[in-house]
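If you read the protein sequences in the order shown, they are chains A and B.
Under my numbering, the first residue of the first sequence carries the number 1, and numbering increases by one thereafter.
Under my numbering, the first residue of the second sequence carries the number 1, and numbering increases by one thereafter.
Source of the hints: derived by calculation from the structure; they are not laboratory data.
Hints should not be assumed to be uniformly reliable.
Unchecked claim - Dumping the calculated DSS-like pairs for lysine-lysine here, alpha-carbon to alpha-carbon at most 27 Å:
#, chain 1, residue 1, chain 2, residue 2
1, A, K6, B, K476
2, B, K341, A, K6
3, B, K414, A, K6
Claimed, not checked - Label-pair ranges, simulated between beta-carbon atoms:
#, chain 1, residue 1, chain 2, residue 2, range
4, A, S64, B, D513, 38 to 44 Å
5, A, V19, B, L331, 24 to 30 Å
6, A, P86, B, Q156, 17 to 23 Å
7, B, R528, A, A20, 51 to 57 Å
8, A, P86, B, D448, 50 to 56 Å
9, B, A423, A, G24, 50 to 56 Å
10, A, A20, B, K341, 57 to 63 Å
11, A, A20, B, R158, 48 to 54 Å
12, B, D448, A, G13, 35 to 41 Å
13, B, R417, A, V16, 23 to 29 Å
Every residue gets a Cβ at the ideal spot worked out from N, C-alpha and C, and that includes glycine.
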Amino acid sequence: MNPKRKQRLALVGALVTLVAVAVGLMLMALNENINLFFSPSQVAAGEVPDNHVFRLGGLVENGSVKRRQDSLEVEFKVTDTAHNIPVVYTGILPDLFREGQGIIALGRLNGSGMFVADEVLAKHDENYMPPEVAEALKAVDTSPGSMPLSHPGQGT
Amino acid sequence: MIPELGHFALIIALSIAIVQGTLPLLGVWLDRPGWIGVAVPAARAQVLFLAISFICLTYAFLVDDFSVAYVASNSNTAQPLMYKISAVWGAHEGSLLLWVLMLGIWGLAITLFSRSVPEVFTARVLAIIGLVGVGFLLFTLGTSNPFDRLFPAPMQGRELNPLLQDPGLAIHPPMLYLGYVGLVVPFAFAIAALLEGRLDSAWVRWTRPWTNVAWMFLTFGIALGSWWAYYELGWGGWWFWDPVENASFMPWLVATALIHSLAVTEKRGTFRSWTVLLSIFAFSLSLLGTFLVRSGVLVSVHAFATDPARGMYILIFLCVVIGASLILFALRAGSVSASAKFEWVSKDTLLLLNNILLTVAAASVLIGTLYPLFLDALGLGKISVGPPYFDTVFVPLMLPLLFLIGLGPLARWKKDRLPRLAAVSRFTLPAAVVLASIALGLLGNLSDIMVWLGLFMAFWIVATALWGVGHQMRGKGARGLSFGFSGMTIAHMGMAVFVVGVTLVSAYDIERDVRMAPGDSIDVRDYRFQFEGVAPHQGANYRATRGTMHVYRDGERVTTLYPEKRYYASQQNPMTEAAIDAGVTRDLYVALGEPVGSGAWALRVYHKPFVQWIWFGCLMMGLGGLTASFDRRYRLAHRVPATRHAGTAPDAAPGVPEGARG
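Looking at chain A on its own, in the form it has when it is part of the complex:
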């Protein structure tokens, strides 16, 4: 092998290694930062792994929103019409947050079964229903008792 070819081979080798490392890091980052979606029925069935950040989606139950008078803490229930999960959130809710509206909350369950949200999302369209929420509601509608959504195992 002449030196030029050797050099080129080394270059290719270095590139492949670099790309492999980059892809490895990427997949690791991806694995640590994906958030699975669960519906209230799935949460009620105990499908969520302990101490795991996930997204909870459903409708804000009518008459469930309670605001504390001295802070920005607010409590409400998210329902898929079969089950509901109490949610607590401290901060400013999005403009489109209303009772009966489809929302997605990101956070984790605490010891007493309360979902502590870090973030509450409601998209900027009054007709908008998050697709996950729409599907979860449909699943409850059509086949009560069955698991509305599949999910890829336990995550991280």
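Place chain B on chain A using the hints.
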């Protein structure tokens, strides 16, 4: 009548595009000069009819012709004139019309500014642009005709989405589209070169200025979108790694790689196949972006279309374009590639690293954006990939890239020596270390290593850029500064300014979500915010609840901010309108949350240090790209006599003190 005229003009434009896309290619193949000559007049005629069509739609908006379904759903009589015009591209159908119009304008520009390019080559380029035009015009006419009538016509239209009623958003889509669509030019040049089997330095000189200008528009478009999100969405972030943002960011990353790889191909004749491949990828990613945004697979403020036929059409179009280009590439790339030797330590190697880092970055964004869609399509569950993923992947990729921005321009082509590189950075490197430490000492805490790294990179880029300017001017004065060199320097300094903004705002911004009753005040850093309560306010086509917030510093009134909650007639929900006092070293940001009883409100009170530098940096980057495209050698290539010295470079002067200010 007028809308029918617009519709008819669009059909004529399609017919012309079909001719433009086929006849010249056949002409080259069968050696019929007459057919080849069709390309230029066809491209000009096509843009004429597209413009007529666009004007007809605009006219329908101006006269409130609600018998046109698209007008009725995006405008009403109370809408201010500016938003009647911007509503033309405010939703799906009209934005497609804008897209094809932009495509036509780029074609027209080629007929005007590429006179020195051989006729056969121009004909091929225009034919390829024509074929892309056929694809999009068929899509527009077939699935998204903006001129569809509505019977019976309603008395009043709905309204443009209030989020889009904003001056920034009025010009964001045209800018972004000019950039997106502009990437068709390097793509068409690359395909034409593959068809011709010839990739010489003349080809690169023709395509470089076009790539720069398209890149500039893309940069401005993305920056405007980010700026809009910052002040209009009401929660003060400037980038959310939203899939729709990613859709425009991926072509930007690849186009940035392309600009640099074109430099190597022009100067050294190497990287040819890679450059062609990047041209194909850049345009493919802008098509992919269109697919993601227009197909409804992504849900966001941008995703207007939820008609599956539309998504399917674009997906098939995407596959045809990418598939055909890659097959052509596979067949022809072998015959055009050339090898030239370069040493390990050389500008060539550094630019190779630049390209690797940028394409890996683009790939990481692509994975993060598409992975949830794949899992969903395969029925493996619904996930979302959040900003932490992108932050984790991006920072390690960008830090070496930033270091290279400083080092690359100092290095010599083909062969350099490490001792020489060390010698030329013997002042700049310590200067950057010292300045970063001083700046960090003034602004924050010396133990913030990531902030230090960010500031160091910024100072390093500025210091090496200044060194480069000094080196170029040695013995020659300002004549030593070509437009190409000045443009590069301005763009690189813009990156430094951008990095300062990003670093400082992500490390030191203060976001307080608080409950405030009238008369309450809170202190955020050096400022005291005093809330005076809210009062009703009447706008042009909305009514609002307007808050009053006095801001004091050291007992003196700095400003008074008026954040609003707006209620538009057509919408049930309020819109948050943040109030911002923008400044060089900080923005003060106040937004109304919601009433929380007895006159008190939930409020966002933010202090955002150096946040404006983010967009100012983007502005510099874009202007740098523009400056570089005026370089003398491109004008020589166009056989236009150089009437003035390329060396005067007045544009370089403002960039230097701006960048050095940090």
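Going down the list of hints, with the structure as the test:
1. K6(A) x K476(B): Cα-Cα ~42 Å, so violated.
2. K341(B) x K6(A): holds, 13 Å
3. K414(B) x K6(A): Holds, at roughly 18 Å.
4. S64(A) x D513(B): 38 to 44 Å: With a Cβ separation near 22 Å, S64(A) and D513(B) fall outside 38 to 44 Å, so the hint is violated.
5. V19(A) x L331(B): 24 to 30 Å: 26 Å Cβ-Cβ, so the 24 to 30 Å window holds.
6. P86(A) x Q156(B): 17 to 23 Å: violated, 43 Å
7. R528(B) x A20(A): 51 to 57 Å: holds, 54 Å
8. P86(A) x D448(B): 50 to 56 Å: Between P86(A) and D448(B), where Cβ atoms are some 39 Å apart, the hint is violated.
9. A423(B) x G24(A): 50 to 56 Å: violated, 37 Å
10. A20(A) x K341(B): 57 to 63 Å: violated, 27 Å
11. A20(A) x R158(B): 48 to 54 Å: 53 Å Cβ-Cβ, so the 48 to 54 Å window holds.
12. D448(B) x G13(A): 35 to 41 Å: holds, 37 Å
13. R417(B) x V16(A): 23 to 29 Å: holds, 27 Å
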